[in-house]
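Chemist: These protein sequences, in sequence, are chains U and Z.
Numbered according to full-length UniProt numbering, the first sequence terminates at residue 378, and the numbering increases by one at each position without gaps.
Numbered according to full-length UniProt numbering, the second sequence terminates at residue 120, and the numbering increases by one at each position without gaps.
Please keep in mind that the hints were generated in silico from the structure rather than gathered at the bench.
Ideal placement from N, C-alpha and C gives every residue a C-beta, glycine not left out.
Some hints here could point you the wrong way.
What the hints assert, rightly or not - So the derived list for chain Z, only partly shown, Cβ under 7 Å to chain U, looks like this:
| # | residue |
| --- | --- |
| 1 | Gly15 |
| 2 | Val17 |
| 3 | Asp32 |
| 4 | Phe35 |
| 5 | Glu55 |
| 6 | Val57 |
| 7 | Lys58 |
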Amino acid sequence: MDETAALKTTPLHALHVSLGARMVPFAGYDMPVQYAPGVLKEHLWTRSSAGLFDVSHMGQVTIRARSGKYEDAALALESLVPVDILGLAENRQRYGFFTDDKGGILDDLMIAHMDDYLFVVVNAACKEQDFKHLQDHIGDSCEVTLLDRALIALQGPRAVDVLAELWADIAYMKFMDVRHCRLHDVSCLVSRSGYSGEDGFEISVPADKAEDIAKRLLEHPDVQPIGLGARDSLRLEAGLCLYGNDIDQTTTPIEGALEWAIQKARKTGGVRAGGFPGATRILGELDGGTTRRRVGLKPEGKAPVRGHSKLYAEAEGKTEIGEVTSGGFGPSVESPVAMGYVPTDFAAPGTTVYAEVRGKYLPVVVSTLPFIKPTYKR
Amino acid sequence: MLKFTEEHEWLKVEGDVAIVGITAHAAEQLGDLVFVELPEVGASFSKGADAATVESVKAASEVYCPLDGEITEINEAITADPALVNSDPMGAGWFFKLKLRNVGDLDGLLDESGYKELIG
């Protein structure tokens, strides 16, 4: 993108500025990377209390079958994702991804079954392309609408109590439940999910009501605003992929270790096996394995190993075997953490590989993900 | 004598040796530091060469050698506890001592008022 082009803003932009946020360009938006306390304290606050994130830059889309039936919308979307959408219970959400004909990942997304329609959240940088993808492939049978709404994430162990003061029923929601509700008399769509590894909620709010809702949430002593910097370190500790870093069109879901998101119905032998772009390759890899895998990487020393660092088989850095896709310091684990791709032969936890950092080859140990214990309320 | 570079290093000069660190402004801009890599004692650097590395949660940054010289001492307290750079950047958070090749080069650096003007 042309850096001189005007950046877009979310409905919470003025609030971020008034709260003293340091703003940076992200996916074409002027977004808060951190507030006065800084990334470290914001990260730890989210893990111990409740952090408020503006994720309004992400795309919110509804998909309604022209027939009016949920089943028709579900089957249409199943032609683009390897996820069981028909079997998704009402008011439940699932993680999934759009794939291409070669089995690469076009974007990852959250898919919710509302009464007779699907509510989908996609990444900011991909939303126009995703919208077109949906229009082009299922536009004949479905009405696809890109919504103009804000999205606020409240993440952390205190999030449920903060929101229960506004809507008591929220406490009965389980991880990945989605409900319509009213918060301060504003009609919202709430899911018990997020991208921090913590219990928490994402709240879809009409754009013109977003600032009011956010301000009221921030009045609570347990809630602090949190920037994209801490969002990145939180999701990295939780072992969650960032599209464009850890997964993209050059990685398949199986290479990305995302096979858990492909339900039985869509796998070989399932009732609706295949039928999505790249199914031959993806199901082939699911059955026969891949040559490389995304793994957790724990540097042995104190030096953070960043994204794009090359990985080698030996301490002398002779044989390049892969690359770090995300890496940094994990404030909760109090050490550097990273993720990256290694050949399957090197993917077993406990295997030592070497990352090139400023001309040195630092030992990093393949580790199980996540680096922290998630606190989802299943 | 206290001098500053436009790259946000400070130098406290005693004779021909300068104690070098990063300014409070730089420490604030970098955010909470979680890792510091210092040069080896005895290493020589030219002005502007990468002499040390600091890393925050988010990103790595280089600390440049402010003038030509040789490292005579390093502050291992900040490699053990990088947060010292944030809490006391102009004191306990110093980086290294540099024996200057040419003391006269100091004239080309900023004084305190010049640096304050730079950071506005």
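Chemist: All hints, please: hold or fail.
Modeler: Outcome of the hint check:
Checking Gly15/Z against chain U by beta carbon gives a least distance of about 32 Å; that is not within 7 Å, so the hint is violated. The criterion of a C-beta within 7 Å of any C-beta in chain U is not met by Val17/Z, whose closest approach is roughly 27 Å, and the hint is violated. Interface restraint check: Asp32/Z against chain U, minimum CB-CB distance 4 Å, threshold 7 Å, status holds. The interface hint given for Phe35/Z is met, as the beta carbon of that residue sits about 5 Å from the closest beta carbon of chain U, less than 7 Å.
Interface restraint check for Glu55/Z: the shortest CB-CB distance to chain U comes to about 5 Å, inside 7 Å, so the restraint holds. Because the closest C-beta pair between Val57/Z and chain U is about 4 Å apart, less than 7 Å, the hint holds. Evaluation of the Lys58/Z hint against chain U yields a held restraint, the C-beta minimum of about 5 Å falling below 7 Å.
In terms of the numbered hints stated before, the structure departs from hints 1 and 2, listed from lowest to highest.
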